[in-house]
Amino acid sequence: MGDVIKVTTMKKRIFFLWAVLLTGQLMAQKPVKVQNDFFVLHNAIRGDSTYKTFDQQVGFIKSLGFDGVEINQLDSFDGMKAALDKHQFTGSYFYIKIDVDSPTLDPRIEPDIRALKGTKAVLAPYIISDKKRFASSSGMADTTVVRQIRQMADWAKEAGLQVALYPHVGFYVERVDHALRLVKQIDQPNVGLTFNLCHWLATTPKADRTNWKGLLTTLKPHLKMITISGANDVDAAGMDNGPTGIWNQYILPLGTGSFDTYELVRFAVQDLGFKGPIGVQCYAMKGDKPTNLRNTMAVWKQFKTRLAKR
7 MGDVIKVTTM
17 KKRIFFLWAV
27 LLTGQLMAQK
37 PVKVQNDFFV
47 LHNAIRGDST
57 YKTFDQQVGF
67 IKSLGFDGVE
77 INQLDSFDGM
87 KAALDKHQFT
97 GSYFYIKIDV
107 DSPTLDPRIE
117 PDIRALKGTK
127 AVLAPYIISD
137 KKRFASSSGM
147 ADTTVVRQIR
157 QMADWAKEAG
167 LQVALYPHVG
177 FYVERVDHAL
187 RLVKQIDQPN
197 VGLTFNLCHW
207 LATTPKADRT
217 NWKGLLTTLK
227 PHLKMITISG
237 ANDVDAAGMD
247 NGPTGIWNQY
257 ILPLGTGSFD
267 TYELVRFAVQ
277 DLGFKGPIGV
287 QCYAMKGDKP
297 TNLRNTMAVW
307 KQFKTRLAKR
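Everything in the sequence shown is counted per the working numbering, starting at 7 for the first residue and increasing by one.
Since the hints were made in silico from the structure, they are not lab data.
Since the structure is predicted, the reported quantities are computational estimates derived from the model, not experimental observations.
Glycine residues also receive a C-beta, built at the ideal position from the N, C-alpha and C atoms.
Hints are supplied without guarantee of correctness; some may be wrong.
[Claimed, not checked] As a list, the in silico DSBU-like pairs of lysine-lysine whose alpha-carbon atoms are at most 35 Å apart:
hint, residue 1, residue 2
1, LYS137, LYS307
2, LYS138, LYS226
3, LYS315, LYS103
4, LYS292, LYS219
5, LYS163, LYS137
6, LYS281, LYS190
7, LYS163, LYS39
8, LYS137, LYS226
[Stated by the list, open to error] Estimated spans, in silico, between C-beta atoms of each pair:
hint, residue 1, residue 2, range
9, GLY220, ASP294, 17 to 27 Å
10, ASN247, MET146, 38 to 48 Å
11, LEU80, ASP160, 12 to 22 Å
12, GLN276, ASP81, 30 to 40 Å
13, ALA304, GLY53, 36 to 46 Å
14, LYS190, PHE273, 18 to 28 Å
15, THR216, LYS315, 25 to 35 Å
16, ASN254, ASP160, 33 to 43 Å
17, ARG114, GLN194, 16 to 26 Å
18, PRO109, GLY279, 38 to 48 Å
19, THR216, GLU116, 17 to 27 Å
20, ASN247, ALA213, 38 to 48 Å
21, LYS307, GLY279, 18 to 28 Å
22, ASN254, LYS138, 23 to 33 Å
Kindly generate the complete structure, drawing on both the sequences and the hints.
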């Protein structure tokens with residue numbers, strides 16, 4: 007009788023372990039419907055010989071199926087906002103310069119933020135030292151950054167908007183880890199950061215890139231936006247910051263290059279549950295701009311199809 011009970015117990019354990027394993031496999035293979043807004047940076051169409059005006063550019067980008075477009079800089083805000091309103095389209099993020107050499111924020115920032123109230127725009131301040139008084143990632147101007155971003159966050163809160171610090175190679179805040187430290191010091195719920203694939207590659211030696219999934223997991227509580235591109239997984243050492251340098255390696259047509267951008271999207275959306283906007287970088291990309299945009303949308307649809315079939 008005791009032997010029968012032992013056998014029965016062992017069978018139950020085996021069945022339980024098999025069920026747990028099968029459940030895990032099914033969960034890993036669960037199809038994913040990508041619901042993130044997919045937008046394009048303005049550099050994808052800016053300077054095109056056919057689509058010259060904000061009105062033409064916004065209309066064309068919307069016709070391709072993108073969910074939004076960047077509002078690039080304070081100087082272009084009024085023109086782009088008018089075009090967005092006309093086409094009932096989304097300004098996915100507003101790229102704003104913060105100069106740590108200046109004691110105050112540009113006076114145009116507050117009214118522009120108010121004008122975006124009720125939209126899905128993410129405010130994306132990039133932080134520089136115009137006079138080169140503060141070296142990149144030195145931390146020497148962090149007190150100024152914290153004070154100014156808190157001010158921006160207060161304006162954003164009144165407008166119902168999010169703020170995402172934008173690390174950019176060569177700028178005062180160029181690395182993700184610096185941006186994360188600042189976000190924690192600012193300590194406001196509507197302030198986080200952007201993960202920019204191309205800028206992360208440009209500031210991270212290849213040998214330090216293997217655990218990018220761990221990095222994104224660490225960033226998850228503060229991650230407001232992601233920008234992607236095709237890219238080669240090569241070192242930036244010895245390359246300049248021009249179109250024939252790092253950007254010729256780190257900003258390629260989506261779906262190309264040796265870095266697995268699809269896997270980055272899959273991990274962020276499926277494993278981390280990231281629901282924020284995902285943008286595509288096109289700065290200095292070779293080829294016809296409208297054709298590049300059409301091809302980009304085709305690749306994004308392929309990404310979504312692959313995720314839906316998992």
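For each hint, the structure was consulted:
| no. | hint | verdict |
| --- | --- | --- |
| 1 | LYS137 / LYS307 | violated (43 Å) |
| 2 | LYS138 / LYS226 | holds (32 Å) |
| 3 | LYS315 / LYS103 | violated (41 Å) |
| 4 | LYS292 / LYS219 | holds (30 Å) |
| 5 | LYS163 / LYS137 | holds (31 Å) |
| 6 | LYS281 / LYS190 | holds (21 Å) |
| 7 | LYS163 / LYS39 | holds (30 Å) |
| 8 | LYS137 / LYS226 | holds (33 Å) |
| 9 | GLY220 / ASP294: 17 to 27 Å | violated (39 Å) |
| 10 | ASN247 / MET146: 38 to 48 Å | violated (22 Å) |
| 11 | LEU80 / ASP160: 12 to 22 Å | holds (18 Å) |
| 12 | GLN276 / ASP81: 30 to 40 Å | holds (39 Å) |
| 13 | ALA304 / GLY53: 36 to 46 Å | violated (22 Å) |
| 14 | LYS190 / PHE273: 18 to 28 Å | holds (23 Å) |
| 15 | THR216 / LYS315: 25 to 35 Å | holds (28 Å) |
| 16 | ASN254 / ASP160: 33 to 43 Å | holds (41 Å) |
| 17 | ARG114 / GLN194: 16 to 26 Å | holds (22 Å) |
| 18 | PRO109 / GLY279: 38 to 48 Å | holds (40 Å) |
| 19 | THR216 / GLU116: 17 to 27 Å | violated (43 Å) |
| 20 | ASN247 / ALA213: 38 to 48 Å | violated (21 Å) |
| 21 | LYS307 / GLY279: 18 to 28 Å | holds (22 Å) |
| 22 | ASN254 / LYS138: 23 to 33 Å | holds (26 Å) |
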